[in-house]
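Peer 1: Sequence:
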Amino acid sequence: MKETYVENLRKSNFKITPQRLEVINFLEKGNYNHFTAEDVYSSVKESEPTITLATVYNILRALKESGNINSFEVNGKTWFETNVQFHGNLVCDSCGKIIDVEVDPGRFADLSSEASYKITGANLVMRGLCPECNSAEQIENH
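Under our numbering, the first residue of the sequence shown carries the number 1, and numbering increases by one thereafter.
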């Protein structure tokens, strides 16, 4: 997997730096399905003490531009993920938990035809209550 990240960065004309490799190592650990730049910074600064949060954002931007990661926004906060396949994200309004859900890409092809649009990308973020928070809310309301 590390080789794929590096290869994609090189194809997009990004240099491979020690700091970029540290961020790739963070991604490879797979501790997070969804993460923020702050999560990366907190993890990477131990092994790369000179790295800044701004540098982490720049590295994540390069990784996104090279097709290695996706990003989406929830409540003004940017989240990143290594799942680059078309999917949706369910976000719990109560606890903030985020999960990936499969979405039929054919439906977007239908929308494209109906609107005579060529769809080049999409971020599908759906909000609601996760099962745990929904159960807790139902208990409170009874």
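FYI, nobody ran anything at the bench for these hints, they're computed from the structure. Mixed in with the good hints there might be a few duds.
Label-pair distances were calculated between CB atoms; the ranges are [unchecked claim]:
#: 1; residue 1: R10; residue 2: E114; range: 37 to 43 Å
#: 2; residue 1: N31; residue 2: Q85; range: 32 to 38 Å
#: 3; residue 1: E132; residue 2: N31; range: 40 to 46 Å
#: 4; residue 1: R107; residue 2: P49; range: 45 to 51 Å
List time: in silico DSS-like cross-link candidates among lysine-lysine, alpha-carbon distance up to 25 Å [said to hold, decoys possible]:
#: 5; residue 1: K97; residue 2: K64
#: 6; residue 1: K2; residue 2: K15
#: 7; residue 1: K118; residue 2: K97
#: 8; residue 1: K29; residue 2: K15
#: 9; residue 1: K45; residue 2: K15
#: 10; residue 1: K2; residue 2: K64
#: 11; residue 1: K77; residue 2: K29
#: 12; residue 1: K29; residue 2: K64
#: 13; residue 1: K29; residue 2: K45
#: 14; residue 1: K29; residue 2: K2
#: 15; residue 1: K64; residue 2: K45
#: 16; residue 1: K118; residue 2: K64
#: 17; residue 1: K11; residue 2: K97
#: 18; residue 1: K11; residue 2: K77
#: 19; residue 1: K45; residue 2: K2
#: 20; residue 1: K64; residue 2: K77
#: 21; residue 1: K77; residue 2: K45
#: 22; residue 1: K29; residue 2: K118
#: 23; residue 1: K97; residue 2: K77
We treat Cβ as the ideally placed atom computed from N, Cα and C, and that holds for glycine.
Peer 1: Please name the hints from earlier in the document that this structure breaks, with their numbers sorted from lowest to highest.
Peer 2: 2, 3, 7, 17, 18 and 22
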